[in-house]
Each structure stands twice: as C-alpha cells, then as structure tokens.
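Novice: Letter by letter, the chains look like this.
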Amino acid sequence: MGRLLETSDLSKSFGGIKAVQNFLIHIDEGEVIGLIGPNGAGKTTAFNLLTGVYTPTTGKILFDGKDITGRKPYQITALGIARTFQNIRLFGELSVLENVKIAFTLHASYSFPEAILRLGRYGREEQIIDDRARELLAAFKLDSLADEQAKNLPYGQQRRLEIARALATRPKLLLLDEPAAGMNPQETKELTEMIRWIRDTYHLSILLIEHDMALVMKICERIYVLDYGKILAEGNPDEIRNNSAVIKAYLGTEG
Amino acid sequence: MDSGIIVQFFQQIINGISLGSIYALIALGYTMVYGIMRLINFAHGDIYMLGAYVGFFVTTQLQMGFFPALICAMVVIGITGVLIEKLVYKPLRSSSKISILITAIGMSLFIEYTTMYFLTPQPRTFPPVLPNTIFHLGDIIVSFQQLVILGSTVVLMLLLWYIVQYTKMGKAMRAVSYDTDAALLMGINVDHVISFTFALGSALAGAAGVLVGIYYNTIDPLMGIMPGLKAFIAAVLGGIGIIPGAMMGGLILGVVEALVSGFISSTFRDAAAFGILIVILLIKPTGLLGKNETEKV
Amino acid sequence: MQIIKSLRKYDLALIAASVVIFAVLEVLIDMRLISSFWRLQIILIGINIILAASLNLINGITGQFSLGHAGFMAVGAYVSAIMSMWYDLPFGMALLIGGLAACLIGVLIGIPTLRLDGDYLAIATLGMGEIIRICILNIQAVGGASGLTGIPRNTTFAWVFWIMIITLFFLKNMINSTYGRSCISVRENAIAAAAMGINTTFAKVLAFAIGAFFAGLAGGLFSHYFSIAHPSSFTFLNSYNYLTMVVLGGLGSMTGSITGAALITFITAALADYPEVRMIIYALCLILLMLFRPQGLFGSQEGSLLLRRLINRRKEAGTHGKTLGNQ
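Chains as they are written, first to last, in our numbering: chain G, 191 to 445; chain A, 884 to 1180; chain C, 69 to 395.
Derived by calculation from the structure, the hints in this document are not laboratory data.
You may find that some hints are simply not true.
As the list claims (entries may be wrong) - Under 10 Å between C-beta atoms, here's a sample of chain G residues computed to sit facing chain C:
id: 1; residue: V243
id: 2; residue: E288
id: 3; residue: T295
id: 4; residue: A340
To be verified - Once the Cα atoms are required to be at most 16 Å apart in a straight line, the calculated EDC-like pairs of lysine to aspartate or glutamate come out as:
id: 5; chain 1: G; residue 1: K331; chain 2: G; residue 2: E377
id: 6; chain 1: G; residue 1: K420; chain 2: G; residue 2: D199
id: 7; chain 1: G; residue 1: K331; chain 2: G; residue 2: E380
id: 8; chain 1: G; residue 1: K256; chain 2: G; residue 2: E196
id: 9; chain 1: G; residue 1: K362; chain 2: G; residue 2: D254
id: 10; chain 1: C; residue 1: K73; chain 2: G; residue 2: D320
id: 11; chain 1: C; residue 1: K73; chain 2: G; residue 2: E315
id: 12; chain 1: G; residue 1: K362; chain 2: G; residue 2: E221
id: 13; chain 1: A; residue 1: K980; chain 2: C; residue 2: D185
id: 14; chain 1: G; residue 1: K250; chain 2: G; residue 2: E196
id: 15; chain 1: G; residue 1: K408; chain 2: G; residue 2: E383
id: 16; chain 1: A; residue 1: K1167; chain 2: C; residue 2: D185
We treat Cβ as the ideally placed atom computed from N, Cα and C, and that holds for glycine.
Please work from the sequences and hints to get the whole structure.
Specialist: Okay, here's the thing in structure tokens:
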C-alpha cells in the first residue's frame, strides 16, 4: 500500500486564534481513517485545509506525491480529493440526477464549440455522463428518485446523494464530514456497511469526521483524536479506547 | 506654486464638504436599513426627493421658513418610510435577496413616476428661504447656505448618535443589527425596531432633500436617482451597516467629486463616484471601517 | 433512445418551427399587412429577446446579479456602428466585431467584479455600466452627448430574427452542456460546486462574457436599425428594463425570458402615449410580481420541459413510458 496523503506541520490561525496546530497525519491507499474530537476541536478546519477551502498558515500537504498546499478547491478535487459537508450542500433546486451529472463535469473533455454545435465528442460524452450518473444513483438506491428535486429528499437520502455526488468526481481520497449526523440507528447501521462497501468498490481511501463512536470504532483502521487544534492521540480503535488522554478530553477532568 | 490653484483647491474642498454632508445624511439611512435588514433600499434616493417636495410645499404654499420646512419634511418623510416598509418590504422579509432587491427597484420607479404623474416632470424652483450672504475667507468663498447645511448635518448626526448609543431603542437597533434571531429571542420587538429604523433613516433623507433644495434651488421627480446611488456608494465606502462609516464615506465622496469637477471636468463626476465604488469593493469590500468576514464552510 | 439522437430530433423540430414563423412574419411584413408601428415592435421584440436571454444567462442561470447589461449593449452599438461607418465593413462583420468588443469589456469587467456577490455585485455592475456610458458621453469622435448619427440602416427583420434564433440555440445548447451545468452549480451553491471540481471563477466569467457578447450583438442591431446610437439609450434604467423581462418570465428560464421580453415590449408599445402611467404600471408589476409570484411566470422551468411532461404523462397512460434524455 502506497502513501496517499501526508501533511507536515500544518497549522491555521484566524487572527490570534490557532484553530489547528502541528496537524500531522498520513493516509495510505485503501485505509479508512477516523478523525474525532470534541466540538470545536478543529476537525472541520482540518478538512477545509486538506480541500483547499482555507490556505494553511504554515505547513505542507502532499497528496499522491504532489505538493497541493495553496491550491484551489477545484484543483484539489481534480487531483482526487472529494468531500461531503457537515451542513449538507446539495444543489437543492436541481434534480437528483443533475446533482450527480454536475460532478461528472470534471471528466468531460468536449470543447465549448462542440457543446454549442452539439457535434464531435459532445453526444458521446453526454451519453456516458448520463449512463454513469444513473449507474451511480442505482448503486446508492437513489435511481427511483432521479427526477426529484434534491431539496425534497429526506435527510438520510440527502446525505447518501452527497456521497454519490462526491464519488462522481472519481476521488482517490474521500472526506466525509459527520456522515451519520441526524441519522436514525437503522440508517447509521446501513451507512456503516456502505462506507466499507464504497472503499472496496471504488478502491479509495476514506477520512471521516464522526461523533458516533460505535461507527468510528467499527470501521476505522486508524483514528486521530483532535483537541484544541492539536492531535492528542493516534492509533487503532483499541489503543484510542484505552488512551487516558483521550478519555480525559472527552469526559473532562472532573468527570 | 500657483496660488490660484491652491485657492481653487480649498474652494472645492469647501464645496465638497457641503455636498458630502448631504450624501452622508442620505447614506445614514441606507446604512441603518442595510445593517438591520440586509436590504439595499433603492427607493431611499426617491424618499429624499419626496423630502425636497415636502420642503417646497411647506415654504411656498404655507409660506413657512427654513426650520418648519425641515421639521415638516422629516416628520412626513419619516412616516412615508415606515409606510413603505410596512406595505412592501415587510411581507418580503423572508424572500430571497434578489426578490427584495427587485422590489426595491420597483418601489424606486414607482415613487419617481407617481410623483411625475401628479406633480409633472417640470423642475421647480425652491424659494430663497435663507439669506444669500457670502463670506470671504481670503479668496475662498463660503455661503451662508453652506454653513446652514453643515450645521444642520452635524446637529442631526449628533442626535442620531445619541439615539443609537444611549437610548433603549438604539440598543435594540444594535442588537437586531448584530443578530436578528437572537434579538427576537431576547424579547425585542423586531418589527418595531425595523419600523423605527426606517423612520429615522427616511427622516434624515427628508432633511437632506430640503437642504439640497435650498442649495441647488431646483427640484424635480428624478433628482433622487443619482444622489441615492452616490449615498449608497458613500455607505459602502465607509463600511455598510456602520454609522460613522456613512458619515466618513459621504464626506470623502463629496470632496472627491468636487475636486474632479473643479480640476478635470464635471462630466466625469459620476464616473469618479462609481470608480471609487469599484475600487473599494475590490480592495476592501467591507469598507474603510468594516471588519473582514468569511463564509463558514 | 440515445440522448444525442433525441436532442437532434428536437433541434430539427425547433429549426423547422423557426423557419415557419419567419416565413409567416416576413410575408406579412413584405405585403405591408402589418403597420409600421407594429413592424417596429416586432424588431424590438427580437432585439429585446436577445438582451433578456443573454441577461438570463448571467442573472438567472449563473445567479450573478448584474445590472450593467445596457453598458455592454452600448459597446456593441457604438463599435459596430464605427465598423460600418469608418471601415465600411459588411454588416455581419461589423455586428460580430461589436459583439466581440462587448465580450472583451465583459471579461475585463467580470474578472474583478465577479469576486463580489449579491447586492455588491449588482451595484458594482450598475456602476461599471454607467462608467461605460459616461466614457462614451465624453468621446467627441463618436458624437459625445449628442450621439452618433448617420449609421447605415442595415438591420432588417431577417437579421434580427436569425440572430435571435442563433442566440437562443447557442444559450440552450450551452445550458445543456457541462459548461452550462457549471454555471448552474455556481448559482445553486458555489462552495459545493468548487468541491465538485468546478472552476467557479471561470464559469462566472464565461457566463458574463457570453452574456456581454450577445448584448453587444443586440446593440449593433439596435444602432443599425435606428441609424443612431445615443448614450441616453443605454442608462441603468434600460438595464432595469431587461432585468424586468427576465424576472417576469422567471429567472433561469429561457422560455420565460422570451415571454417576458415579448410581453414587456408589447406593454411598452401599448402604453407608448402615456409614458408616466407606463412606468407606474411597470413598477407596480415588479412589486406585485415579487410579492405574489417571485419565481416569475415560468419559475426556472422551460416551456419545453413542461410540454414534455404533459406528453410523457399521456404516453405513460397508454404504453410503458420511455426514458427520455434531459432535453
């Protein structure tokens, strides 16, 4: 297994506040990694650094052998990092199918004149986009909802659609920001299986932020614990479960 | 250096300050309404025009002087502002930004052309309610009217400052501006606060209308369009939502315009104002006194 | 069915329909069955459809609220007029250069201003439009405040009609491609769009450039019809006017823009003798529309889609419905 992502001394300050400091993680191909920590620990900030939404104050990010520090979000997605959002960001007014089709834009190569004249690669590639988008929806059991407006879907299905849409960009690394938030136990159980299935089917690595410890412990091979912007601990689920610093951070000293 | 140029420079500064203080008065209304509702009230310039007409009728039909005209205009226009808010903007409070912006454009056109329909498009001459005295400071000329404009503006701004900083309503205004939902939960009657803000902002625009009528002598139904846009630019320049910013923006804009008219050409006056807008939006969109904010992801 | 085949079939049907409409109107005009007043209105409807549809690309499809469309139109009007008058270029060439000039200005204005959004962008584009107009006003070589006169009257109904059809096809095909979908995704959620690998700045500037190009073409048609280009034809009030057409029809709907442009031009013509009343009605329409139907006549839907849904429903009642491509 090769090294897919590696950071060195990554940090981000907002004014005087250090949201993330010395953020040092690595992800290998095919791994499922958990990023946990109390609210406000800097988990989402870390995601935003990795996906280029924020420019790091210091440090470097190496992805797939390339330095991606300071690149724009769309460039990073093109290189193979896709994400979902904590507060779902679907294209609400558009249909479920259109949501996924937009994510295929990256892999269409027809030129603007070909699009306007509907000649050349346009027809073939549009056909491929349509077919692939429908396949992806079928794989996520959303095909029967293809023409629904995304905003009208129930919460659990919106989260699923967001994952399907992220996969349409054909990532090597998928970042999931609290995928189980707001799901009922049954949906969470399905999600747990789905995350493994995604890793195996699409041959990618997954980094996920999650508060549902049962889910994290069950599927993650390694876990990073973030507290006050710093990595508090790293290890496999058993190590993390028994780490005294982690227990203290979660339960507090008085508790 | 040529002393003629220096004299002209200071002369234009004086002219710019009187023009700028009028922009500042209008800009205050924009900035307060934007601070509280996140609405660019495109009709604000037309409210100012209505103020000029009220002043005109009070001085001509009722034969009253400067102060009664100013007070009448402020009261009548303050009430008009509240009516517009209640009838048009309130039902749209939860609509998309674009809907509200288009409504504001519609409201602006409505006021302009209704005024034109009832009062004819003909410009009217404002009666001379103030003496035409002129003071000489060396070679620089200052008119009595300019002094009155500056004085009235300063008094009104101090009054506004007192209301916003030290009264209960002012505190409520600041709370709503900071976080409408939280203010609502704290038991503040947001509807009242918004109405009060419209009343205050409109009253100031009404006063500005009377002052302009006196300064330029003529008024017409479309006179509010350009000063309205300029005042908005002034508000953005100072930092929209920030009251001292509006005052500062208005003065800077007035002075720049006066200098451009004096030294380049008056035809480029409007272009200079829009140029300032573009530059400030590109360099510091939150304005001179604004703080930077980024969208949370 | 393959998507491209169903698309081509649909395109052919549209072209056939356009030819029929053109033939009917051309015959009516040639035989002088339409009064000169209404002939003028038909030309204006065509030009306004180009303006509304291209503004819809910027405001409706890409969600970037621009109030500077009249400025782009002005650039096209003047540049094409200069090409015709000073360089004796053929009309088509003059129009094209006018459009390209507007497009260039659109890119130059777009790159800095499109970093702004919402209200700020609206005001900045309004300012840019006014700056263009004020600059023209101060160039004596093109007539300054008295306008540029003596432009050859080259614009005919055929020119307007076919440029309008080209505009509509261009925009329709663009919207149904990855380029158009990028624009739509920017409107829906710019942050998510970037996370999907879409260069949002490029999408915005592209929409602005294309919108400006067609506004420039419309400007060229305008100045070569009236034989004069005057700065007062291109104020921000004109931009409001095109905006109203788009909003009335429904932001994001090309069918809406066409309907909006035709309706507003009609109403303007019908109330030509009462300019003040016209503006009052116009303003009331805007306010009432926003209060009671802010999505406009068509919402962001296309007429063709509504029609197809109706047909599909009927088909499904009979046989098992076929899946049709997305237009």
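Novice: Work down the list of hints and note, for each, if the structure agrees.
Specialist: Hints and how they fare:
no. : hint               : result
1   : V243               : 7 Å, holds
2   : E288               : 7 Å, holds
3   : T295               : 4 Å, holds
4   : A340               : 9 Å, holds
5   : G:K331 <-> G:E377  : 13 Å, holds
6   : G:K420 <-> G:D199  : 11 Å, holds
7   : G:K331 <-> G:E380  : 12 Å, holds
8   : G:K256 <-> G:E196  : 10 Å, holds
9   : G:K362 <-> G:D254  : 9 Å, holds
10  : C:K73 <-> G:D320   : 14 Å, holds
11  : C:K73 <-> G:E315   : 13 Å, holds
12  : G:K362 <-> G:E221  : 11 Å, holds
13  : A:K980 <-> C:D185  : 11 Å, holds
14  : G:K250 <-> G:E196  : 8 Å, holds
15  : G:K408 <-> G:E383  : 10 Å, holds
16  : A:K1167 <-> C:D185 : 14 Å, holds
Hint check: no violations occur; every hint is consistent with the structure.
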